[in-house]
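K.L.:
In order, the protein sequences belong to chains Z and W.
Mapping of the first sequence onto our numbering: position 181 corresponds to residue 181, and the numbering continues sequentially without gaps.
To get our numbering, take the position in the second sequence, counting from 1, and add 216.
FYI, nobody ran anything at the bench for these hints, they're computed from the structure.
Incorrect hints may have been included.
According to the in silico footprint, chain W covers these stretches of chain Z (three or more CB under 8 angstroms from chain W) [what the hints assert, rightly or not]:
1) 99-110
2) 209-215
Computed list of chain W residues with no C-beta within reach of chain Z, every gap over 10 angstroms [stated by the list, open to error]:
3) Leu264
4) Tyr306
5) Ala327
6) Gly381
Short derived list, chain W residues pointing at chain Z, Cβ under 8 angstroms [what the hints assert, rightly or not]:
7) Gln221
8) Lys322
9) Glu324
10) Thr378
Every value quoted in this text rests on a predicted model; they were computed, and no experiment measured them.
The beta-carbon is built from N, C-alpha and C at its ideal position, and this holds for glycine as well.
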Amino acid sequence: MLQESSGWLIFFSIWLLYIAVSFIQQRLVFTEDVIYNTFGEQLAYDRIEQLLETRKEWEWVGYAIIPIFIFFQVFFTAACLNIGYLLGEHRSQKIGFRRFFSISIKSSIVYPLYSVAMLLVCLLFLNVEHMEDYSDADFFSIAGLLHLSRSEEWWVMPLRAINIFELFFCLGLAAGVSRAMNRPFRSALAFVALSYGVGFLLWMLFVTFLQLSLSA
Amino acid sequence: MKARQIITLLLLLSIIGLLSWQISEKAGQKAQRAKERAQLPDFTLSTLGGENLNTNLIVGKDQSIFIFFDPDCSICAYEAENAHRYVEKYAKTTSVVWVGAGRRSKVEKFAKKYRLDTLAKHFVLIDSSGQFAKKFGVRGVPEILIYNHKGDLVKQFHGETTWEGMLKYLD
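So here's chain W without its partners, still in its complex pose (with noise of 0.2 angstroms):
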């Protein structure tokens, strides 16, 4: 064999080894995040107040829906004006948390708008730090998962989501 023909095979087989180990290393990390959101995790984000908050506190023993949205986001709007018209089906058994990404007075303009405030059981909070985004494997907005009343994760929508669909997996 030619040094040209070992130098390649080398190279050849340094980039398969490498690509191969970054993949499994990507696919375990994946794997454990899908692990660690099955059940609601425990984690604390800031209100629009300004406190911390802990979201297992919030929904207690309610089911949840957690949404994620951007304050720009055109359908994340759609799916804050579409939280009025079904409330009553679902205020009763179900807190829905609103995870908002990026600067606060977005958010905060986002949450006026929509009247959020003015919804029973909605909270609104703010990922700054994007820990929120990376715990629940977001892929874009708005993602929205709904845990049941045990923290179980019974369904996870990226993008665009009816209110009848989410409805469905709540009891």
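So that you can see chain Z by itself, here it is in the shape it has in the complex (with noise of 0.2 angstroms):
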């Protein structure tokens, strides 16, 4: 029951820092003058002001919507572990699905840090005038690193998913299972980068695969 609660209590905590990155990112980096400079070749002046009271407006909407992410975030991960679990052959310990979704809520803190990271290089080191500057902010991906964060969108996406964050979650993840399953952590690493690495590389390929075939 303790382990119930606390597991929804990060819930809560990483939905909290989400909201707390997105009211801070629209005020002092997203800022009324960055949307003219980024917009301003493309709209009007009053089709940029209707766009910012439509920012206004529903702005709370994103932030009820975060948990739906947080969750199917969670659910998939949960899900790639305990599939790798069905089909492991170390079974000795009887886990179950909720077990895995508490070991995926608790390593999911590390997700909204780095949100954080990057709003914190941006507000102390960056000086951003269009909203594309934001990437150059991003110091702890593959694309970050390789200065690729402005290239093409479904090549960036991916590799900004491959962050030092992930491997932080996927470490995060293998000492929870190596908890659960009483297994040396090297072999918990071992099983995690085996079914929520193998769900990873899946979902990212389907994903890019999709905005492919979506954008022409």
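Got two chains here, each in a separate frame; can you build the complex from them with the hints?
P.N.:
Laid out in structure tokens, this is it:
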């Protein structure tokens, strides 16, 4: 019971962190000036004003749907681990989906830290004039390190997904799995790589395929 | 390894292989299309009068703006309305080719409503087969492409764009 409540506490903390980052981002990074600079070439002044009004009006919807994304991500990770467990050979300990779900929620705390880190880099070291400049704050992913953040979208998304926080997430999962399955950390890490790692790869390939198919 | 594990492994490898192959095919096609439209491609579309016209012949040595539109799109209507306001700034050196998607009757109605035929060097063509949309990597409407007088693609805009924004890319 205590474990369950701490899981949900982490879930709400993740949500709150995302809300805080988004709230600060809207006010200090993507300011009205940045929006005018970004869309000034394409949209007329009154259309940009309309856009800003709409952004203000619908801001809360953005915050409200965040838990859906967190839930999906946590569920997906737990499902990958559970499938890996069911297909694996070492089933001495009986572990259910709930346990994997709990491990996944706890490890997910590192995801909003990626947004926090980017926001901090942006506020402390960058001068954002256009919305695209925000991608320059990404020092944590392959896309950022190889300066590919402004290449084609379908290429950037998977390269951004491979980042230092994803690595921490996998380490967190491995620590949880190691404790739950009573296996050495290395063996748990191998289990995470073969279960969640494969699921993650499939998801990346699927989303990239979808992006390429939908864009001309 | 148990049979169940071997089957799963084979299944996963097939899915990963299939998706990777599809991604590489699609990325190749995308790059090829981008390369093709970097220079104004030679292609023929039907005019409102029903004749087939080659766009290279229409444009000639002018710089050109291609506006792909849908007659039912309100932003496209906004672009058409504003074409009149700025016509003096670009008409001497620029041809504007409006390429309408959908039914001929609707495209005709649109051209008439916004008096596109009264504007100098404005042409209205119909892309009934979708060949323009495919060739030019159209993502939505309006899609705007600006070519210089040598036929090099200078700028491609996806979605609403002001005429001031377009004029920046003209000589």
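K.L.:
Now, for every hint given, state plainly whether the structure supports it.
P.N.:
Verification of the hints:
Residues of the region 99-110 of chain Z with a Cβ under 8 angstroms from some Cβ of chain W number 0, which does not satisfy the need for three, so the listed coverage is violated. Under a criterion of three residues with beta carbons nearer than 8 angstroms to beta carbons of chain W, the stated coverage of the region 209-215 of chain Z is upheld, 4 such residues being counted. No Cβ of chain Z approaches the Cβ of Leu264 of chain W within 10 angstroms, the least distance being about 25 angstroms, so the stated non-interface status holds. Taking the minimum C-beta to C-beta distance to chain Z, about 16 angstroms, the non-interface status of Tyr306 of chain W holds against the 10 angstroms cut.
No Cβ of chain Z comes within 10 angstroms of the Cβ of Ala327 of chain W; the nearest lies about 23 angstroms off, and the non-interface call holds. The Cβ of Gly381 of chain W does not lie farther than 10 angstroms from every Cβ of chain Z; its closest approach is about 4 angstroms, which violates its non-interface assignment. Because the closest C-beta pair between Gln221 of chain W and chain Z is about 6 angstroms apart, less than 8 angstroms, the hint holds. The interface hint given for Lys322 of chain W is violated, since its Cβ lies 22 angstroms from the closest Cβ of chain Z, which is over the 8 angstroms cut-off.
Taking 8 angstroms as the C-beta cut-off, the interface hint given for Glu324 of chain W is violated, the closest approach to chain Z being about 26 angstroms. Given the 8 angstroms rule on beta carbons, the hint for Thr378 of chain W holds: about 5 angstroms separates it from the nearest Cβ of chain Z.
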